[in-house]
Each structure stands twice: as structure tokens, then as C-alpha cells.
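> Work out the full structure: start from the sequences and follow the hints.
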Amino acid sequence: MVLKTNLKSLLVAAFSLFIVIFSNSTFAQENNQNTESEAKKAEEKSEGLKPSELIMEHIMDNHEFHFAEVGGTHISLPLPVIVYSPQRGVSVFSSSNFNHGETAYQGYKLSEKGIIEAVKEDGSLDESVKAYDFSLTRNVVQMFLSLGLLLYLVIGVANKYKKNGANTAPSGFQNALEPIITFIRDEVGKSNLGHKYEKYMPYLLTVFFFILINNIVGLIPGTANVTGNIAFTLVLAVISLLVILFSTNGHFWMHIFWPPGVPFLVKLILIPVELLGVFIKPAALMIRLFANMVAGHIVITCFILLIFIFGSMSHVAGWGFSPVSIAFTIFIYFIEILVAFIQAFIFTNLTAVFIGQALEGAHDEAHH
Amino acid sequence: MELLQPGLGLLVWTLIAFIVVFFILKKYAWTSILTALKERETGIADAISSAEKVKLEMASLKNENEALMNHAREERAVMIKEAKFASDKMISEAKDKAKAEYDRIIAEAQQAINQQKNAALTDVKNQVGALVIEVSEKILRRELANKSEQESYIKQLAETVKLN
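As they're listed, the protein sequences go chains A and B. For the record, in the first sequence the residue sitting at position 112 is 178 according to my numbering, with numbers rising by one throughout. For the record, in the second sequence the residue sitting at position 56 is 926 according to my numbering, with numbers rising by one throughout.
Incorrect hints may appear among the rest.
Okay, the calculated beta carbon distance ranges per label pair [stated by the list, open to error]: (1) A/Leu219 <-> B/Met928: 54 to 64 Å; (2) B/Met928 <-> A/Asp252: 29 to 39 Å; (3) A/Ala235 <-> B/Arg946: 51 to 61 Å.
EDC-like, lysine to aspartate or glutamate: derived pairs with alpha carbons at most 20 Å apart [to be verified]: (4) B/Lys896 <-> A/Asp188; (5) B/Lys908 <-> A/Asp252; (6) A/Lys256 <-> B/Glu963.
Computed footprint of chain B on chain A, listed as stretches where at least three residues anywhere in the stretch have a Cβ under 8 Å from a Cβ of chain B [to be verified]: (7) 122-135; (8) 197-206; (9) 215-222; (10) 228-234; (11) 254-263; (12) 266-279.
Just so you know, these hints were derived from the structure itself, not from any lab. The C-beta atom is built at its ideal place from N, Cα and C for all residues, glycine as well.
So this is what it looks like as C-alpha cells:
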């Protein structure tokens, strides 16, 4: 309890300090712009530093791993582009051919928003050609790498179980994985799904570790924000919707289309609400994971960028603020590590809760 | 807002990746891990329940042993009591028997002594009688000699007849 209140007060203090500092900085910027002599200077500097663009670049998908830009040269790792269009077929080439959106290649061009568009010979947009972008973007590549890591770790542990048998004490990484697996099994599976939990365990465990490994790898500086991408969470949400729908029974649908013990007129209101609820639940899952991860990444990038925002005002302010900024970044980083686990757990747990709701009728019937 | 527009490529690749990872992990990891964990848990539960059972068995065995010991103790006490009683009886019987024998022997001895004494007395009486008759015969035979001689003779005789 004491620890909880301590943490809470620390959080409140940190955020209020952050708000105060942030408002001060904008205030200072305004002051700067108001003074005529410095207006030009500030304009020049703000051209060099566009925080919102940098943040978006950090959290959005990209066709290359972009690390830094030194004196106009981009230090980046180009990734393969795979484009399909009904008219032109499949084209595969390196994203370096786009020259960061400056040149067109094989009739495709990278737009300013990072979308691949078909262009005509003269470089103008070709509306008649629809381009489907299946490129191995940095999110895709990073997801594959982290999933490879996941497979390596988990299968290694599984082989240990096979080799040592069930009755030897776990060793090494087995010790780290086993409590998580038993936690998911007991707290997520058994407590929500009852005696039917065994059927759902592979799915629940896969979802949990799938999210967790991508969350954690995404926290490494320089990596992409995979779990904070709506496409990623959308896929997981659709899969959980399908699992929930396949788990439903007559009882579940009866409750939606003809809620018992409710007056007729209320039923008319309840039916669309209940029906929408079926889709809103996974949609909430999608948005929750996406928003949490994006928010964490934005906050961390904000704190780092604060140094440069202050630096653009004066070098002293930049250097002076950097320890504060780094302290906050480290603080948020620890919270993000916590969030990585919590969000993976929440997604899995809520999916299990929804599956449990879908199963409920049969479960009740078996007991009545 | 571009942030909320799902990219088709990532959508498809994530779907493929999830399905592949799901099936690989299901086949090569989760089944074996979950069965191993379950096996271990049931093994531990079995071990605990069997230990409990053994403990109960031990307790009941101990109780049984105690009962047996008590029974044996009681039996021993009874046996000792009986043995003591028997030995006392035997001793007293033996004493009684010995006393009876002793009494009998003494009685027999007394009887024999009395018999012999009576026999000896009758013998003595007989001999005295015979001697008296002999002496009186001799006296009678020598009555005719002098009187003094007679008297001395009688004296002499009387001397010789001194009872041995």
C-alpha cells in the first residue's frame, strides 16, 4: 500500500513537472518569436527541427531502418520493396532506389507520407494503376526478427522439457519462461475458461508472447514501433474476434438477440447494443494495445526531443535540460517495460474473458 | 490521420507471421511444455498425497504397535501373576507334603522304638523269670547244707545274678 501510494505520488510529481516544463518551453518559444530580432533565427532553427515530424517518423512504419542523418546524408538500412498492382504485376526491388522519396523507380514513387504510389513516365501520379504495397517494411522485418528470437527461445525451452523430462527442476531460461506460462495458464486460462482452458492455451500463450516479444524488442532504441501500429493490433484483434465467435454457442446468441428478463421495448434497444458489443470488444483490444504502445513511444521521443527543442533556443538550455530529460526518459523507459508486460497480459486476459463469456452458457448448462 | 490507417503490407505479413508462429509453437513448444508442466504438477500432487497416505499408515501402524505392546504388557503381568501363584502353591504343597512325611516317619520310628522296647522288656522279664527259677532251683537243691553256707551261697548267687 505504501509502495503503491509512493509510486502514485512519484508519477503525479513527474507528470506535473513535465507539464510545467513543457508549458514553460512553449511559453519561452513564443517569447522568442515575439522579439523581432530573434524571430528570424527561431524560424531558421525550427526548419531544422520538426519535432512532430520526427515523432511521427519514429512511430510510423518505414521502408528502411533510418538511424541518423548527418550533414544531409542518411544513415539507413534499405529494405526490400514488394509491390503488386493488377496492371503491372509484382515488382521487387530495394527501397534505396527511391532515394528517400526523391526518385521514382520501376514506375513507383514513395510519397511524402511514405506510401508507394504508381507514377507515369513523366513522374506524375498515375491514378489508373492501383499499387498494393506488400513491402518488407521495418515493422515487418523487425517483427520477423523478434518472432525468430521468440521461436528460438521458446522451442529451446520446450526441448529442455522434452530432454530432461517433467520431473527435473527447470534450469536457465526455463526458469524465466515457466512462471509466465503457468501464470497465463492459471490466471488467464483456468480462471476465465474453466475446465475448457486446455483447448485455448496454445492460442492464449501465442498471443501473449507474440505481443510481449514485439513490445520488448520495440523498446530497444533504434527499433521500430511494431505493436504501436494499428495494422498489427488489428490483425490480433480480428484473430481474437474469430476465436471468440468460434467459441460461441446458442446460449450466447440467445442472450444477444433475445435478452431474457427484459421488457420488450428495452429488448429493441438492447439487441443492437449487444450486437455491436461483439465487435466493440475486439476493437477495444486493438485500440488499447495500439494507443498504449504509441503513447509510450511518443512520450519517450518527446523527452529526448525536448533536449533539442531547448538546444534550438540556446545551447546552454539544451545542455542544461539534458540531464532532466534523460532522467525522465529513463523513468518512462522503466514504465514502458512494465507496460510491455501489462499490455501483453491485458490483451490475453481480456481475450480469455471474452472467450469465457462466449462459453458461459454451455458452462452453466453443464452445472445446472 | 495516417497513424490510424492500417498498412496493407504489415496487415498481411502480421497475419501470416501470427499463423505460422502459432502453428510452429503449438506443434513444437506449447504442447510439450504444457504436458510436462501438467505431468510435473500431477506428479507432485501424487507424491504429496501418497506421502500423506504413508503418514496416516505410519500413524495407524504406530497405534497398532502400541495396542500390541499394551496387550503384551497386560499378558505378561497376568502370566507373572499366574506363575507366582503356581509357584506359591507348589511350595506350600511341597511343604505340606514334607511335613506329612516327616510326621509319618517320626510316628513310624516311635512305633518301632516302642515295639523294640516292649520286646526288650519282655525279654528281660523272661530272663529274670528264668534266672529267678534257676536261682530258686539251685537254692532249693542246696537247702540241706548249712545254714551259713546257705546264706553265703545265696549271697554269692545273688552277687552273680547281678543284673548285667
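> Which of the stated hints cannot be reconciled with the structure, identified by number in ascending sequence?
Going through the list in order, the structure violates hints 1, 4, 6 and 11 and respects the others.
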